[in-house]
Structure formats: structure tokens, C-alpha cells
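Peer 1: What follows is each chain in one-letter form.
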Amino acid sequence: MTKFVIRRAIQAIPVLFGITIVVYGILLAAPGGPEAKFANNPRMTQEAKDKFIKAWGLDQPIPIQYCRWMGLCNPETEGTMLGSLPTPAAFIGPSGLPNFLPTVMSGATNGLLHGDLGRSINSGEPVVDRIARAALPTFILAGIALVVWLSIAITMGVYAAIHRYSLFDNAATVFSYVGFAMPTFWLGIMLIFIFSGPGLNILPAGGMTETRLSPPFGSDQYWAYFGQHPVQALTDIGKHLILPVITLVVVNIAGDSRFVRASMLEALGQDFVRTAKAKGLPARVVNFKHALRNALLPVITNIGLEIPFLFTGAIVTETIFSWPGIGKLTIDATREFDYPILMGVLLVTSVLVVFANLLADIAYGYVDPRIKY
Amino acid sequence: MTETSTERPVAGAPPRDDILLDVRNLKTYFRVMDGVVPAVDGVNFSLGKGHTLGIVGESGSGKSVTALTVMRLLDIPPAEIGEDSEAWFDGRDLLKLPESDMRRIRGNDIAMIFQEPLTSLNPVFTVGDQIAEQVELHMKVKAREARDRAVEMLRLVGIPSPERRAKQYPHELSGGMRQRVMIGMALSCEPKLLIADEPTTALDVTVQAQILELLKAIQERTGAALILITHDLGVVAEMVDNVIVMYAGQVVEQGTVDQVLLEPRMPYTMGLIESIPTVEKRGGRLSAISGVVPSPFHLPPHCRFEPRCPYRWETCRTVTPELYNAGDGRVARCHLHLVEATARREAAIAQHRQNMAMGRRFTGAPDRLGDR
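Protein sequence lines, in the order shown, are assigned to chains Z and R.
When we follow this note's numbering, the leftmost residue of the first sequence carries the number 207, and every step to the right adds one.
When we follow this note's numbering, the leftmost residue of the second sequence carries the number 170, and every step to the right adds one.
Don't take every hint at face value.
To be verified - Within a straight-line C-alpha distance of at most 25 Å, the following computed PhoX-like cross-link-like pairs (lysine-lysine) qualify:
#1 Lys-218/R - Lys-196/R
#2 Lys-495/Z - Lys-578/Z
#3 Lys-495/Z - Lys-309/R
#4 Lys-243/Z - Lys-257/Z
#5 Lys-385/R - Lys-361/R
#6 Lys-361/R - Lys-196/R
#7 Lys-578/Z - Lys-309/R
#8 Lys-265/R - Lys-336/R
#9 Lys-495/Z - Lys-218/R
#10 Lys-260/Z - Lys-243/Z
#11 Lys-495/Z - Lys-336/R
#12 Lys-196/R - Lys-309/R
Said to hold, decoys possible - Covered stretches of chain R (chain Z as the covering partner; in silico rule of three or more C-beta atoms under 8 Å from a C-beta of chain Z):
#13 180-188
#14 274-284
In short, the hints are calculated from the structure, not lab data.
Model, not experiment: these values are computed from the prediction.
All C-beta atoms in this analysis are idealised placements derived from N, C-alpha and C, irrespective of residue type, glycine included.
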């Protein structure tokens with residue numbers, strides 16, 4: 207098992223390297239570039255624009271930009287060779303050793319390899335800080351939604367499979383189709399309309415906290431307030447959570463419960479279930495011990511693939527409910543042409559997907575005795 | 170101990186004491202989208218305590234469904250069991266028992282072995298646990314004792330180092346070992362009746378013989394009655410006292426092994442026997458019964474074998490054949506026994522003997538008889 211994990215971790219290195227190239231490439235392919243935000247600004251002079259481009263290193267050829275962003279090249283070393291490639295000298299860090307080595311050896315602090323994802327073009331804050339700040343709200347919302355929807359989806363799917371074609375099963379089928387067909391943005395807005403509109407007005411329409419009552423979430427003042435009034439603060443967040451959680455749960459239950467149902471039906475149709483019945487085991491044991499254990503194997507893979515969601519969050523849902531998480535950060539960064547932030551979010555997401563897959567594989571080895579690493 | 174349908178006790182009353190299983194007018198239908206499939210259509214048989222019975226027939230003839238109906242292992246719906254069907258076991262009609270009582274019988278009094286030992290064992294539990302689970306349930310013993318019993322059963326069915334094997338998962342065992350596990354599991358609660366549904370079909374030929382020997386030895390030692398479901402007449406010849414031949418959901422011939430195998434009365438049985446490959450027939454074409462089993466949606470209205478039968482005549486298409494008493498306790502479902510068909514019957518028997526002697530194909534009606 208240890209060997210397997212180590213092997214997979216080593217295999218992940220070229221994958222992750224490939225991911226950086228793809229992430230970089232995707233954003234290059236997007237029209238505009240960081241300077242595009244000035245396009246409709248009449249007060250922006252060409253001179254100022256050039257200064258901006260030079261300050262952010264956007265005048266450099268793409269391979270050099272990538273090389274610096276990765277932390278392979280020293281940003282202080284100028285010059286190109288063969289038209290657009292970095293010179294060998296560019297790979298030498300401030301201390302005289304290769305730039306990609308850890309900071310203590312190379313003296314370099316720039317780029318991904320040194321844990322630096324650059325700074326936000328708009329606020330100047332380090333990208334890492336922005337992402338870290340948005341991660342907690344997303345984790346709270348996505349975590350609660352994930353737990354709720356998985357518990358409901360598994361219960362629903364298993365029950366529907368055991369009582370196939372029953373009233374419950376048919377109702378669940380209809381619910382799934384409706385839920386699956388319902389766009390998040392529509393459902394979210396309808397929920398706001400119903401529960402936060404002038405009629406009922408019992409739940410907040412958006413945000414994570416009541417801004418009139420508490421400092422902005424995540425600030426030092428907020429945590430001081432949280433320490434003084436924990437119950438009040440938690441109730442406040444809880445109230446804000448209800449609508450986005452419902453939105454996410456309804457939409458996601460639909461697909462997952464169908465998946466669990468199909469998986470459970472397949473398990474129930476297996477020969478060993480017939481054997482279990484022929485042994486005289488009660489239906490409860492047949493269903494929940496013999497069938498369910500097998501039905502959950504593919505579900506585990508599915509859950510593994512949903513883990514990155516805890517970080518990426520739901521872009522649409524977070525935007526509708528102004529939830530200060532990663533999803534909203536992504537949308538805002540896109541709108542403002544904040545490339546460093548976008549690249550940071552994409553990169554962290556991709557890395558999480560790689561590791562979530564690894565995690566799912568490891569979990570699989572524990573629950574399925576047929577799999578040996 | 171098979172009996173003819175004419176000597177049956179009154180409907181609704183239990184059979185004699187020495188009869189372990191008495192199946193009467195068993196009918197099983199499947200209600201599917203396209204209509205109703207009569208998978209088992211009026212099957213009667215009885216099995217004495219400690220006796221052995223073989224049920225043979227092609228795929229889809231209703232052999233397995235008969236066993237599954239008696240075990241009440243079919244989902245209802247889509248399956249449906251005839252209202253006047255009865256299956257008396259040990260003085261009780263299984264088809265009328267409440268599910269909770271039926272559960273106490275399954276695995277305890279009647280145990281079943283299935284065809285495919287790999288898929289019939291749960292991949293995520295050790296084989297020891299799977300046997301112990303049943304022992305714990307029926308014998309009301311502690312987990313510890315149940316585990317010991319599981320190891321003991323594995324030893325009984327000839328698995329080497331059973332303590333170690335008990336802790337292994339099904340995929341870690343070979344096909345033959347897995348089937349031994351299934352047999353050990355089936356015998357773990359000392360059942361009165363063992364139903365083996367194609368127990369050797371999925372196994373290598375060399376292993377088949379071992380498994381059959383094991384089944385026979387254990388059946389003799391424990392005194393359990395055995396129903397062996399198979400399409401392999403060779404297996405039947407070695408294993409059982411009595412045979413039922415099924416075709417399209419019906420019993421077409423029934424008697425002792427010697428009666429049915431040596432002097433078949435029904436052309437379908439003759440064909441089955443002739444299609445056993447033997448060393449003597451080496452070199453020639455393998456014989457087969459021409460045609461296919463009729464679709465259950467479009468069964469021939471009278472004799473169901475008629476479209477494939479080389480000896481058919483007008484009556485086969487106009488009169489539904491019933492099981493007739495062919496003497497010495499054997500029955501068959503065929504119009505060839507009628508006086509009008511004497512010549513035809515004798516030709517069929519002669520042809521069968523010749524085929525058996527020369528190992529020739531069974532297919533097609535002999536030209537000199539003419540078809541109609």
C-alpha cells in the first residue's frame with residue numbers, strides 16, 4: 207500500500223507539470239489579457255498602459271512568462287534567445303544556484319515552485335492569501351451541502367432500488383428528472399424570490415453574515431466578535447446557509463440518487479444476493495449487508511470525484527447568493543481580468559482533483575478485497 | 170421415489186410420511202412487458218427422504234425456475250405462482266408458508282448450490298464468514314462456534330488447510346475450490362434436501378468429476394435427499410435414482426435412470442441421449458436436436474416439441490398430449506404410444522437404437538416414414 211501511494215505520488219509529478227502548462231495555455235487562449243480591462247477606459251493613456259504591461263512583465267515572450275510564473279526562471283534576468291526562449295542565465299537564481307531549488311538554496315522566492323502564485327492585478331494582494339480567505343466559506347457551504355446531499359441521495363437511491371417501481375421509487379424518479387432539469391441559477395433565484403422576497407421575507411437573500419450585526423467574515427474583528435457571541439454568530443451563518451444549501455442539495459441529489467439506485471439495483475441482481483436469500487437470511491441482512499456493501503463500491507469513486515467540490519465550490523450558487531467563497535472569487539476575477547487569481551484557482555483545483563482521485567483509489571483498496579496495490 | 174400423476178394424494182392434503190418433497194401442479198408465470206411467460210407449466214413430482222432426483226432439459230426448459238419456485242426465491246411480481254400449485258415439504262406446503270417460516274427452512278432444511286460459484290459468493294466477505302453467517306443464523310450458536318463449524322465444513326468438502334482458506338476471499342480460490350465452499354455452505358446446517366442447480370457447468374471437466382464425487386459421497390453420508398438440475402445426461406446417469414425430463418416448462422418424461430436413459434419413450438429424450446458425445450462417435454459430426462426451444466410467447470398449442478420432432482403426425486398438431494402411464498411407474502408425454510402410431514413408434518425406437526449404436530445424427534425425419 208505504501209509502495210502504491212509513493213508510486214502514484216511520483217506519477218502525479220508529470221501530471222501536475224502538464225496541468226500547469228494546460229492552465230497557462232487556456233488562459234493565454236482567452237481573449238484580451240490582463241490589460242484588456244482598460245479597453246473601455248477613456249482616461250487610460252497608451253503610456254500608462256505600456257507602463258502597466260512592463261510592470262507585470264507582460265511584454266516578455268510567453269515561454270519566459272511561464273518560466274517565471276513557475277519559478278524556474280529568475281525574473282530579474284532579462285534577455286531572450288532563439289527569439290522567445292529564456293537564456294540559460296535566466297535559470298540561475300539570486301544565490302548563483304538554479305532558480306527552481308528551494309528558497310534557502312537558490313535565494314529565489316518567485317513562482318509556483320516557491321509557493322508564490324503572484325499577486326492579484328487589481329488589489330495587489332498575494333493570490334495565495336485571496337484563495338485562502340475564500341476557501342473557508344466555500345468549505346463550510348460545500349461541506350454541509352455535500353454531507354446533506356450524499357446522505358439523502360444514498361438513502362433515497364438504496365430505498366428506491368429495494369422497492370423498485372413502488373410509489374416511492376416513481377416519485378423519486380420524477381423528482382430526479384425535475385431536479386436534474388432545473389438550472390441552479392433559476393432554482394436559487396426562485397428560492398430567494400419565495401423566502402426572501404417581500405411576501406415571506408424569513409431568510410436572508412445572500413451573503414454569509416448579517417453585515418449590520420457583525421464585521422465582515424474572516425477579518426480579525428469578526429473572529430473577536432465570534433469569540434464573544436458564538437451562538438449568535440453561528441445562528442447568523444446558519445440562516446444564510448439554508449437557501450444555498452437547499453439549492454445545491456436539490457440539484458445534486460437528482461444525479462447521485464440515480465447513480466446509487468442503479469448501482470444498488472445491479473448489486474441486488476447479482477447471484478450472491480440470491481445465495482444470501484437461499485441461506486435464509488432476512489431481507490434486511492440481504493439488502494444492507496450483502497447488496498449495499500457491493501453497491502457502494504462505485505459510489506466511493508463517485509464521492510472521490512466530488513471531493514474537489516469542497517474547494518471549488520459552486521460557482522453559480524455562490525454568485526447568486528453572494529457567498530464569499532472560491533466560486534465567487536473565480537467569477538469576480540474573470541470579470542476583472544485578474545489572471546493571476548484565475549490561474550491560482552484553476553491550478554489548486556486541478557491539483558485537488560489529482561489527489562482526490564488518489565484518495566478514492568486508496569479508499570477503494572480498503573473496501574474492496576479484490577483490489578490489491 | 171417418483172410417482173406418476175395418477176397415484177397422487179388428494180389436493181390440499183399432505184403426502185405420505187416417507188415423501189420429503191411433493192410438488193403438485195406447479196405453475197410459475199412471469200408477467201413481462203410483452204405478455205405472460207409460462208416458465209413452469211403444471212409440474213408434478215415427489216421425492217422420498219434420502220432419495221436423489223435429476224431434472225434435465227435444455228436452457229429455458231424451466232428446470233431452475235422449478236427449484237427457485239420451491240425455494241420461494243423468485244420475486245413476486247414479476248413471477249406469479251399458480252393458485253392451486255402445492256409444494257409439500259416435511260408436512261407443510263411451502264407455497265403457503267409465511268415468509269418468516271420460509272426463511273427458517275431456507276439454508277436450514279433445504280439448501281441450494283448454484284451454477285456459477287464465483288458470482289454466487291459475495292466478493293467482499295471471506296468464505297469463512299459467509300458460511301459462519303448461515304450457521305450462526307440457523308444453529309443459534311455463538312460467532313466463535315460458527316467460525317469453527319465453517320472451518321470444519323471446509324475440511325469436510327476436502328479443502329486443504331481450511332483454517333487459512335476460511336480467511337480468504339472468493340477471488341483467491343480456484344473455481345473448484347469455490348464450488349466446494351458452496352457445497353460446504355449448503356451442508357453446514359445439515360439440510361434434509363439439497364438442490365444443486367447445474368453445480369458443475371461452470372467448472373473444468375477434471376474438476377467436475379471431483380465435485381460430483383464429493384456431492385455423491387456427502388449425500389450418502391448425511392442422508393440428505395438431492396435434486397440435481399443439469400442438462401448433462403452423463404451426470405444424471407451417475408448421480409441419481411430418478412429422472413425428470415423437462416421441455417418448455419413441462420415434464421415430458423419421468424422414470425428411473427435406467428428406464429429413461431436406456432428406453433426413452435419420447436423423441437425429445439431420445440435426442441438428448443443421442444447428443445451426448447462419446448468416444449465411439451469420434452470423428453463424425455456431433456449430433457444435435459434440430460431447431461430451437463420455442464419462444465415462450467408462441468408455444469405450439471398442443472405438443473410443444475412437435476415442430477422439432479422427427480416422428481410427428483397429425484394428432485400431434487390437433488390433440489394436446491397428457492402424461493400417460495408407461496408402466497413400472499414411469500410416465501411420458503407423447504402421442505407415439507397410441508395404437509394408431511405403432512409403426513411410427515417402432516420406427517422411432519429402431520432409429521434411436523441404430524443412432525446409439527452408430528452414433529449418427531438424430532436430426533430430420535427418416536425419409537421412408539414420410540412427414541405427414
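Peer 1: With a cut-off of 25 Å on the C-alpha distance, tell me whether Lys-495/Z and Lys-336/R pass.
Peer 2: The given pair, whose Cα atoms are some 18 Å apart, holds under the 25 Å limit.
Peer 1: CA of Lys-196/R to CA of Lys-309/R, is that 25 Å or under?
Peer 2: violated (35 Å)
Peer 1: For Lys-361/R and Lys-196/R, compute the direct alpha-carbon distance and say whether it is at most 25 Å.
Peer 2: Roughly 24 Å separates the two Cα atoms, so the pair holds.
Peer 1: Is it true that the CA of Lys-495/Z sits at most 25 Å from the CA of Lys-218/R?
Peer 2: violated (35 Å)
Peer 1: So is the stretch 180-188 of chain R in contact with chain Z by the C-beta rule, three or more residues under 8 Å, or is the coverage claim wrong?
Peer 2: With 0 residues close enough to chain Z, the hint is violated.
Peer 1: Is Lys-243/Z within 25 Å of Lys-257/Z, Cα to Cα?
Peer 2: Holds, at roughly 15 Å.
Peer 1: Within a Cα-Cα threshold of 25 Å, do Lys-495/Z and Lys-578/Z meet the stated pairing?
Peer 2: This hinted pair holds, its Cα atoms lying about 22 Å apart.
Peer 1: Can the restraint linking Lys-218/R and Lys-196/R be considered satisfied, given a maximum Cα separation of 25 Å?
Peer 2: holds (24 Å)
Peer 1: Are the Cα atoms of Lys-265/R and Lys-336/R separated by 25 Å or less?
Peer 2: Given that 25 Å is the threshold and the Cα spacing comes to 39 Å, the pair is violated.
Peer 1: Sort out whether Lys-243/Z lies within 25 Å of Lys-260/Z, counting only the CA atoms.
Peer 2: Holds: Lys-260/Z and Lys-243/Z sit about 16 Å apart, inside 25 Å.
Peer 1: Holds or violated: are the alpha carbons of Lys-495/Z and Lys-309/R at most 25 Å from each other?
Peer 2: Holds - the C-alpha atoms of Lys-309/R and Lys-495/Z are around 19 Å apart, at most 25 Å.
Peer 1: Regarding the pair Lys-385/R and Lys-361/R, is the alpha-carbon distance no greater than 25 Å?
Peer 2: The hint holds at about 15 Å.
Against the hints set out earlier in the document, violations occur for numbers 7, 8, 9, 12, 13.
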